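Sequence lines, in order, name chains P and X.
Counting from 1, position 177 in the first sequence corresponds to residue 177 in this note's numbering; the numbering is continuous, with no gaps.
Counting from 1, position 137 in the second sequence corresponds to residue 137 in this note's numbering; the numbering is continuous, with no gaps.
No wet-lab data here; the hints were simulated from the structure.
This structure is a prediction, so every number in the text was calculated from the model and none was measured.
For each residue, glycine too, the CB sits at the ideal point set by N, CA and C.
Hints should not be assumed to be uniformly reliable.
What the hints assert, rightly or not - Computed spacing ranges between beta-carbons, pair by pair:
no.	chain 1	residue 1	chain 2	residue 2	range
1	P	324	X	64	18 to 26 Å
2	P	365	X	104	31 to 39 Å
3	X	177	P	125	37 to 45 Å
4	X	161	P	262	30 to 38 Å
5	P	124	X	85	17 to 25 Å
6	P	67	X	104	28 to 36 Å
7	X	85	P	383	25 to 33 Å
8	X	80	P	324	51 to 59 Å
9	X	31	P	239	31 to 39 Å
10	X	64	P	79	39 to 47 Å
11	X	141	P	282	37 to 45 Å
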Amino acid sequence: MTHANPNSVLTGTHFMNGDAACCEGLLAAGARFAAGYPITPSTEVVERFAARTPKTGGLFIQMEDELAASIAIQGMVWAGEKSFTVTSGPGFSLMMEHIGYAAMTETPCVFVDVQRGGPSTGLPTLPAQGDMMQARFGSHGDYLTIALVPDSPQECFDLAVESMNLAERFRIPVMFMMDECVGHMTEKVVIPPAEQIPVYPRRRTTKKPGEYLPFAPGEDLVPEMAHAGEGHGLFVTGLTHDDRGYPLMNPAQQHKLVNRLFDKILRAADDLVMVEEEGMEDAEAVVICYGITSRVARRGIQLAREKGHKVGLMRLKCVWPFPEKLVHGLAGRMKAIVVPELNLGQVVLEVERCAAGQCRVIRLPHAGGTVHKPADIVAAIERGMA
Amino acid sequence: MLTEIRIAGFGGQGVILSAHVLGRAAAIGQGGYATMTQNYGPEARGGAASAALVVSDEPILYPYLTEPDILVVMSQEAYSRFTPELKEGGVLIVERDLVHMDSKALGRRVYSIPATRIAEELGKKMVLNVVMVGFLCAITKAVDREACREAVSDSVPSRFKELNLNAFDRGYDYGIELLKTNPEPTRQGSVSHVELESANW
């Protein structure tokens, strides 16, 4: 780990919205290239990036569409810069093919999705959490991904840094799943001094051309990276490939490669359990939530506790990979798990799978456009406790 | 203590900036908490604009307004649309020349200020939003005066700093004077028809 370049860190206390904070986080983490196509409610992220780059260095390109944006960033990664793109639901759908390409070619990058109501163009200016399964399974074929979900502008900064760090560490596309409410909400954001912001550097190889194999896994199953133009004769393809990066399309290589893409993340699954717990000491039921919904859930829990219900909160900051062991263990100790989310039931499917019938799982779906009412959370808790 | 504030008017009046200034004052100047959200129409100028601000001395969980305590309106449309949601006995702050009140204001504590005219006297109509912020600050004490001045000064380009601070002070002083002559515009926490007429003036 190194730390952030002070040139790109806006150290201080700000009153800023989540989109701006996300941009600052990615800049602090070392992003120097962004490509995007404008879409509400995400545009402010790259608008700010474009405005900041004359000072920080770097480049923003507005591409002709989201397909182009999502592959342009990968070109720049192989050229040597940390890169990201930003979009919302309809654009995220268009980016799916290239998310798979990034997974297959082990191209570290961040996809920011500021979620709005869907399907299709849905509700451009209003929040939802309807892309959570798409973040996990959206592209074809088998791959694993990491998805972080912030619940405040402060976390849009903190977890944006983390997203870029994880992308570099595992050499994967990381999904940063914001929503319209968090993105457009303005709150206090404290940006620490650059030396207090850990940054995961590009995993550059020290091997010479000829000795270096671009896709030969290291000890943690992640290969070292070389950049184009450095004499390594890189070959990068979405086809199933060998350690040299050359197409090798047979069942044995497919098995070896795709399993490694899974295993490099699964092996570190315990490191990726990022949860915030509250009131779990005496809890008989728990609300499992993520993103903006967790703030409403917290209010609901306060109200339920005033009524005498022993309820705790478990907020997932990292939804993918899903904290399977943790939720399985929890389900064995709880009467009920309540899962509010701004979709008609996505992450709750994972909760149900991991709870494996040990306790009641109460779904609290919402089609989006606004957030749940705290009273809805209380009612669901009461259903679980009854 | 949690206070819910809505500020609404036309796009281009600086509605969002005024909420931003108040939020910044509460969250940074006073070291409390503030959450601002906003609604806007698709138009860049002239459409309806509104900002919602929650200020509190504790972390804010629910991000939106439930029952506003304070409503600031700078257009007739904003007045008509948002006054019904203002809490009974809540504070209604109106731009006197841009809003004509009717029975919707009944039951609210109404304070009006010719903010646009004051801003024009200062040489720039654009600063009417900051005049409103100063006025709100004096009337409601929702946010500390010094924190608010500091937030104004931090939120505008340096060449407009003095102008904006003057605008803030004019609005603030107008509010203090109004409170002296008319400390409580309502009986039993509500404005009567007669008072409504005089407020419309």
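If I claimed the Cβ atoms of residue 80 (chain X) and residue 324 (chain P) lie 51 to 59 Å apart, would that claim hold in this structure?
holds, 53 Å
How does the Cβ-Cβ distance of residue 141 (chain X) and residue 282 (chain P) compare with 37 to 45 Å: does it lie in that range?
Given about 40 Å between the Cβ atoms, the range holds.
Pairwise beta carbon distance, residue 365 (chain P) to residue 104 (chain X), judged against the given window 31 to 39 Å:
holds, 36 Å
Check the following: the C-beta atoms of residue 177 (chain X) and residue 125 (chain P) are separated by a distance inside 37 to 45 Å.
For residue 177 (chain X) and residue 125 (chain P) the Cβ distance comes to about 40 Å; the hint holds.
Lying within 31 to 39 Å: is that true of the beta-carbon distance residue 31 (chain X) to residue 239 (chain P)?
violated, 57 Å
Between residue 124 (chain P) and residue 85 (chain X), is the Cβ distance one that fits in 17 to 25 Å?
holds, 24 Å
Could you check the hint for me, namely that residue 64 (chain X) and residue 79 (chain P) are 39 to 47 Å apart, CB to CB?
holds, 43 Å
Go ahead and decide if the range 28 to 36 Å is satisfied by the Cβ distance of residue 67 (chain P) to residue 104 (chain X).
At roughly 50 Å between Cβ atoms, residue 104 (chain X) and residue 67 (chain P) fall outside 28 to 36 Å, so the hint is violated.
Range hint 18 to 26 Å (beta carbons of residue 324 (chain P) and residue 64 (chain X)) holds or violated
Given about 34 Å between the Cβ atoms, the range is violated.
Taking 25 to 33 Å as the hint, is the beta-carbon distance of residue 85 (chain X) and residue 383 (chain P) inside that range?
holds, 30 Å
Using the C-beta atoms of residue 161 (chain X) and residue 262 (chain P), is the stated range 30 to 38 Å upheld?
violated, 57 Å
Violation of the numbered hints given earlier is confined to hints 1, 4, 6 and 9; the remaining hints are satisfied by the structure.
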